[in-house]
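**Student:** For reference, the chains in residue letters:
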Amino acid sequence: MTSRRQLLRSAVLGGGAGVLAATTMGSLGPEAAFGAAAPGIEPGTPDPNFAEGRIRDIKGNTLFVLGSNMVFHSIRVVDGTSLWKLGPVSFEQARPGDGLYARGVRMPDGVLAAESVWLNIINIKGHIRNITSDKIHLDHNGKEVLCHLVPGTSVAVYSDAPPSADLSLLRVGQHVQVLGAWRPDTNEADIATVFSPH
Amino acid sequence: MARSQPPAPPRDLLGPVQGEVSWFCCGTAWGPCSTTGRGACGTCNSGSMQHAWPNTSDNCLAITHPDTCGVGLSRRTCGFNHRTTALCSGASVVTSIADCGPQTDLFCGERSCCGATCASNRLIDLTPAAFSQIASLSAGLRPAEISTP
Numbered sequence: 510m511t512s513r514r515q516l517l518r519s520a521v522l523g524g525g526a527g528v529l530a531a532t533t534m535g536s537l538g539p540e541a542a543f544g545a546a547a548p549g550i551e552p553g554t555p556d557p558n559f560a561e562g563r564i565r566d567i568k569g570n571t572l573f574v575l576g577s578n579m580v581f582h583s584i585r586v587v588d589g590t591s592l593w594k595l596g597p598v599s600f601e602q603a604r605p606g607d608g609l610y611a612r613g614v615r616m617p618d619g620v621l622a623a624e625s626v627w628l629n630i631i632n633i634k635g636h637i638r639n640i641t642s643d644k645i646h647l648d649h650n651g652k653e654v655l656c657h658l659v660p661g662t663s664v665a666v667y668s669d670a671p672p673s674a675d676l677s678l679l680r681v682g683q684h685v686q687v688l689g690a691w692r693p694d695t696n697e698a699d700i701a702t703v704f705s706p707h
Numbered sequence: 572m573a574r575s576q577p578p579a580p581p582r583d584l585l586g587p588v589q590g591e592v593s594w595f596c597c598g599t600a601w602g603p604c605s606t607t608g609r610g611a612c613g614t615c616n617s618g619s620m621q622h623a624w625p626n627t628s629d630n631c632l633a634i635t636h637p638d639t640c641g642v643g644l645s646r647r648t649c650g651f652n653h654r655t656t657a658l659c660s661g662a663s664v665v666t667s668i669a670d671c672g673p674q675t676d677l678f679c680g681e682r683s684c685c686g687a688t689c690a691s692n693r694l695i696d697l698t699p700a701a702f703s704q705i706a707s708l709s710a711g712l713r714p715a716e717i718s719t720p
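In order, the protein sequence lines correspond to chains A and B. Using the numbering used here, the letters of the first sequence map in sequence onto residues 510 to 707. Using the numbering used here, the letters of the second sequence map in sequence onto residues 572 to 720.
Note that these hints are calculated values from the structure, not bench results. Heads up, the beta-carbon is just placed ideally off N, CA and C, and yes, glycines get one too. Careful: at least some of the hints might be erroneous.
Pulled a few chain A residues facing chain B out of the computed Cβ check, cut under 10 Å [stated by the list, open to error]:
hint	residue
1	T554
2	F559
3	P597
4	W627
5	D669
6	P693
Computed footprint of chain B on chain A; a stretch qualifies when at least three of its residues, placed anywhere within it, have a C-beta under 8 Å from a C-beta of chain B [to be verified]:
hint	region
7	606 to 618
8	629 to 640
9	650 to 658
10	682 to 689
Start from the sequences and build out the full structure, keeping to the hints where you can.
**Tutor:** As structure tokens, this is what we get:
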């Protein structure tokens, strides 16, 4: 059976045929990939099939990314690549200056053929300093991160209850985890999900 | 004179434990992560196959306090390997300890589920490289099983 890795590889090396074959097999979204066996990577070591950094340039379907450790990455986006920026988005939503994490398959020429790209995603914990109708002031490691509620998008998850658009149960002083999208070069972010223990 | 009961052995010594897994950033990074540092072990890096564990030292345990949530966990130090299996997908990843965390006591009793499969209390945090092998980063929090490989 053709593996997802082989399909991504063929999508990059052989054009679009591999992508068409992949989509007839089912979703190329990230959740579909996680049941597949991942190649063994030594614990504690860098994963060659993962990249992080900020987009310096975009040419065609390739993101040129400078890693925070100053390692340069070329990340190829193909038809089946899933992109996230506060939610699923199209490739056109990627901008120079965006931070990202990407997972895919490293090609022989060093290009990362992307399965998934998460743009500006943050997942931070902290306690709530203040709440207004449209913002949460989060103390994250002693620094304030201003988290904006996005109508129709932001939800709260109160323990195991279903996600709720009602964030009124959050309280000043309590600890939460905020999953969201950073606004580049600011201390602000847009909220996707607030995880509350109760 | 009544003899006091010995404390219960750490739950993870008896076999796999179930709890919540999330992800955190460390090392050189962008955005709010840029000031995070390399973690308690001095080796933590978002792109490496690593994790944070709540009982890496006495100082660590004094911060994370999983016992407050009724969870006893073994002392495991920097470099120790755990296997984390996502209960949603069945995918697993083996990572080594690079930091102290998560702060279990701040989320006592929290439960996350996928369908009817649930797990309570935050027991482990993975780096983005590791978490993204078993779930989408956009999931944020997942029920998982933690064992030794």
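**Student:** Closer than 10 Å between Cβ atoms is the bar; does W627 of chain A clear it against chain B? Give me holds or violated.
**Tutor:** holds, 5 Å
**Student:** Residue count check for the region 650 to 658 of chain A against chain B: does it reach three with CB-CB under 8 Å?
**Tutor:** Since 3 is at least three, the answer is holds.
**Student:** Given as covered by chain B, does the region 629 to 640 of chain A meet the bar of three residues or more with CB within less than 8 Å?
**Tutor:** holds (count 6)
**Student:** Restraint: D669 of chain A near chain B, CB-CB cut 10 Å. Satisfied or not?
**Tutor:** holds, 4 Å
**Student:** Can we keep the P693 of chain A interface hint, with Cβ of chain B closer than 10 Å?
**Tutor:** holds, 8 Å
**Student:** Given that the region 606 to 618 of chain A was listed as covered by chain B, double-check it with a C-beta distance under 8 Å for 3 or more residues.
**Tutor:** Check passed, 3 qualifying residues.
**Student:** Cut-off 8 Å, C-beta pairs, minimum 3 residues; does the coverage of the region 682 to 689 of chain A by chain B stand?
**Tutor:** holds (count 3)
**Student:** Hint T554 of chain A vs chain B: min CB-CB distance below 10 Å?
**Tutor:** holds, 6 Å
**Student:** Quick check on the hint: P597 of chain A CB to chain B CB, less than 10 Å?
**Tutor:** With a closest approach of 9 Å, the P597 of chain A hint holds.
**Student:** For the hint on F559 of chain A, just tell me whether its beta-carbon gets within less than 10 Å of chain B.
**Tutor:** Nearest chain B Cβ about 4 Å off; hint holds.
When each numbered hint is compared with the structure, no violation occurs for any of them.
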